[in-house]
Every structure is written in structure tokens, then in C-alpha cells.
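These protein sequences, in sequence, are chains S and H. Note that the first sequence ends on residue 216 in the working numbering; no numbers are left out. Note that the second sequence ends on residue 230 in the working numbering; no numbers are left out.
Among the hints, a few may not be true.
Quick list of simulated restraints, FRET-style, between CB atoms [claimed, not checked]:
#	chain 1	residue 1	chain 2	residue 2	range
1	H	Arg134	S	Asn187	44 to 54 Å
2	H	Asn194	S	Ala7	51 to 61 Å
3	S	Arg142	H	Asn46	37 to 47 Å
4	H	Thr217	S	Met1	50 to 60 Å
5	H	Tyr118	S	Lys163	42 to 52 Å
6	S	Glu10	H	Arg134	40 to 50 Å
Rather than coming from a laboratory, the hints here were simulated on the basis of the structure. The beta-carbon is built from N, C-alpha and C at its ideal position, and this holds for glycine as well.
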Amino acid sequence: MSKDRKAMREMIARRAEKEIQDGNYVNLGIGMPTMVANYISENKQVMLQSENGLLGIGPYPTEEELDADLINAGKETVTAINGSAYFNSAESFAMIRGGNIDIAILGAMEVAENGDLANWMIPGKMIKGMGGAMDLVHGAQRVVIIMEHVNRDGGFKILKSCKLPLTGKAVVNRIITERAVIDITANGLKLIEILDKSSFEDIQSVTEPVLLNQTK
Amino acid sequence: MKEIYHSFSDAVESINNGATLLVGGFGLCGIPENLIKALREKGVKNLTVVSNNCGIDDWGLGLLLENKQIDKILASYVGENKEFERQVIAGELEVELVPQGTLAERLRAGGAGIPAFYTPAGVGTKIAEGKETRIFEGKEYLLEKAINGDFSLVRAYQGDSFGNLVYRKTAQNFNPIIAAAGRVTIAEVEHLVNPGQLNPAFIHTPSIYVNKIIQGTQEKRIERKTLKEV
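Work the whole structure out from these sequences, hints included.
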């Protein structure tokens with residue numbers, strides 16, 4: 001990964017951290033969302049849930065702490081904080097579907113203006129599976145998507161309607177990219193913040209649906 | 001007392017061609033690795049396997065795939081396995097991808113005598129195709145059916161000779177719900193102890209669900225070793 005791309009992902013993760021409130025129960029998706037954990041302010045007490053059966057994910061282990069029986073949902077070795085809990089997979093998704101997760105921060109391939117999310121499958125390519133994403137998007141109180149604003153060819157990822165198979169219908173609340181923060185509302189997409197030196201028109205030009213300018 | 005085995009090949013002896021197996025674990029964490037190896041040696045074919053993942057190319061359920069012992073798999077995520085990809089593309093392996101929470105609840109329901117349930121996961125997606133839906137309080141849900149199996153293969157940390165099981169950390173994952181959903185449950189345990197040695201307040205799987213127990217030593221391979229940056 002290039003240095004620029006790494007810095008950009010770090011910037012997105014730092015902005016996403018601001019979505020997390022003190023006392024929140026949070027589920028972070030695999031990939032860039034997992035990086036958000038590195039930037040959680042020490043002034044916030046946050047409980048990270050991992051859908052394989054852990055509430056209270058801690059930092060990555062030292063060589064001495066390494067334990068094959070303690071992993072996160074991305075299958076990475078982790079530690080557990082003081083006050084953590086282990087549980088089975090049915091219990092894990094009961095707490096998710098039951099509405100107890102305050103916020104889920106997930107990645108995406110496409111998001112539509114009505115909040116549809118596509119992040120699990122590209123037809124014609126090998127299907128890997130949806131893991132817990134389809135359950136999470138319905139269970140979490142708030143679903144925040146973090147992703148690069150456009151795809152590698154410069155094409156739209158924020159669309160009038162998704163082209164890829166959906167993970168969930170009308171499930172996304174907010175999108176954070178390296179360029180902007182956009183809310184999905186009943187009145188359409190609202191541009192809340194511009195994160196680089198772009199103008200409103202610049203952000204609109206890389207976003208397919210019409211944006212409402214709500215930046216301050 | 002339950003049947004206590006000393007050889008893994010004896011423990012899987014009753015598993016025949018065409019059986020439906022429910023297999024515990026998440027990635028390589030908490031998998032009944034010696035029971036899987038014994039099935040590879042036994043060479044049973046045409047298996048239907050229900051498990052969150054399908055191992056990696058040379059370990060876990062990947063060993064059965066490599067040996068073409070699996071006809072069908074139900075899983076939520078299978079992205080770690082090249083042989084899996086090859087067999088799906090070649091039409092040798094049938095796959096049903098199931099959202100992870102739905103998979104867990106279908107297994108839980110199977111063990112609990114509930115034939116089906118409604119869930120929001122998958123509404124409006126490919127997963128919903130051909131499934132009954134129903135609106136409750138203005139919101140749409142999918143009807144999902146319970147899963148039961150001929151055999152459940154689980155890995156526990158401790159087990160007593162009655163079959164009470166205790167799992168360790170996140171090696172618990174699907175194991176307790178799978179232990180309850182199979183007609184015959186075979187538990188591979190790290191430590192076999194006498195009744196009374198496990199605290200009854202902290203049993204994850206009560207003995208009633210377990211039929212066969214065997215103690216073994218596991219390699220406990222790590223799929224993604226991630227360490228604190230120093």
C-alpha cells in the first residue's frame with residue numbers, strides 16, 4: 001500500500017472515531033474500520049464487540065500474550081480488556097439484532113442515496129460470503145460507512161442505486177470518505193462536512209446523486 | 001457416563017458417507033482439529049458440512065475439501081481457501097452462504113426444537129430469494145429454517161466424563177449451539193476431568209447434549225498472527 005493511501009485511510013479512521021460517544025458499544029468491520037480502534041480517545045470509555053464472541057476487544061497482543069483461542073472477527077489475534085465477556089455466536093447476534101450495539105462502522109463497495117449498502121459480493125468474482133454484515137446493518141442503532149470516495153477507476157461509489165448485490169436495504173446513516181461526510185436522510189444526501197480543500201461542486205462531481213449542501 | 005474414546009478414528013467410526021456434519025469453530029479458532037483429521041483418514045464421502053468457515057487449504061475443514069469428501073457446505077464466510085474456489089467453479093461443490101447471525105440462530109433453533117424463525121437479516125437481498133417474508137410492526141422479515149445434523153463435532157477446553165463442557169475464550173464461538181443441534185455430538189476436549197471438577201455454575205454445554213468424548217492435543221494454528229507494534 002502506498003504511503004499516501006495509508007495516510008488517507010488513517011485520516012478516514014480518525015474522522016470515524018468522532019462518531020463514537022463515551023459509553024458506546026461499538027462493532028468495527030474488517031479492514032479499514034478495524035483501524036478506528038487505534039484512534040479512540042482515552043477520554044472515552046468504549047466497549048468494542050467482535051461478533052465471533054467477545055465484548056471488550058483490547059490491543060493486539062505481545063508475543064507473550066499471543067493466544068490462538070483469542071481472535072477478533074477478522075481472525076486476527078487480539079487481547080481482551082478488563083471487564084470483557086466471551087459468549088457463543090447465537091448470543092453474539094442476539095445482542096446485535098436486539099439493538100444493543102450503538103454504532104457499527106463498516107466498509108463498502110457502493111452506497112445508494114436511499115441508504116442501500118453493497119459490500120459483500122462482486123458477480124463473476126469469487127464469492128467469499130457476507131459474514132456478519134447482513135445481521136449487523138439491521139441490528140446496530142447507527143450504521144456508519146467508511147470508504148474511499150470513488151473506486152480505483154475514479155467511478156462513483158455513492159450512487160443513485162447500487163449496481164452490486166445488496167448487503168442491506170436502506171440501512172446506512174452516514175458515509176465518511178477522505179473528502180466528505182455525507183448523511184442519508186429522508187430528503188436525500190446531505191453534505192455535512194468537507195474534509196479536504198474541495199468546494200461543494202468538487203464533492204458533487206464525484207458523487208452521483210444530488211447533494212444538499214449543509215456544510216457550515 | 002458417556003462413551004469415552006481414546007482413538008480419534010474410533011470416535012468418528014459411526015460417521016458414514018452422506019452424513020450431515022455440524023462443525024464448531026470460527027476460522028481456525030476452536031475447531032475440532034483431531035476429529036477432522038480422523039474423518040480425512042476415514043475417507044467418508046458426500047458429506048454435507050455446516051460450519052461458519054471452511055478452514056484453509058491445508059488445515060481444518062480444508063483437509064476434507066482437498067480430499068473431495070464434501071458435496072455441500074453451509075457457511076457465512078469462505079474467503080480463505082483456494083481449493084474451495086476451484087471446486088465451486090468446477091461445479092464439484094455446492095455452497096449455501098448464510099448470514100452469520102442467521103446461521104447461528106438456525107443452529108440454535110435446531111437444537112431448541114424451533115422449526116423456523118423470522119429475522120431482518122437479508123431482507124431485500126439475494127438471500128431473500130424464494131423465502132417467505134412477513135411484516136411485523138411495519139418492518140419486513142425473512143422466514144429462516146432451523147438446521148439439525150446427524151453429527152455435531154465440537155472442541156472444548158474442559159469436559160467431564162458426563163459430557164459437561166467448558167470452552168475457552170473466543171474458541172467458544174459456534175461450538176455450544178452446534179453441540180445442541182446434532183443427533184450425535186462428539187466432543188474433542190483439551191482436558192478430560194472427573195465429574196465434580198468443573199464448577200456447575202460455569203458449564204457452557206450441559207452434559208445432556210454430548211454423546212461421545214475424547215481428549216486430544218491440538219496444534220491450534222493461528223490464521224492471522226497480529227502483534228502489538230513496538
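Taking the hints in turn, this is what the structure says about them:
Between H:Arg134 and S:Asn187 the beta carbons are some 30 Å apart, a value that contradicts the proposed interval 44 to 54 Å. The given range of 51 to 61 Å is respected by H:Asn194 and S:Ala7, whose C-beta atoms sit roughly 58 Å from each other. Distance hint check: the CB atoms of S:Arg142 and H:Asn46 are about 46 Å apart, consistent with the given range 37 to 47 Å. Between H:Thr217 and S:Met1 the beta carbon distance is about 39 Å. The supplied range of 50 to 60 Å is therefore violated.
Evaluation of the 42 to 52 Å hint for H:Tyr118 and S:Lys163 yields a failure: the beta carbon distance comes to about 29 Å. A hinted range of 40 to 50 Å holds for the C-beta pair S:Glu10 and H:Arg134, which are about 45 Å apart.
Of the numbered hints given earlier, the model fails hints 1, 4 and 5; all others are met.
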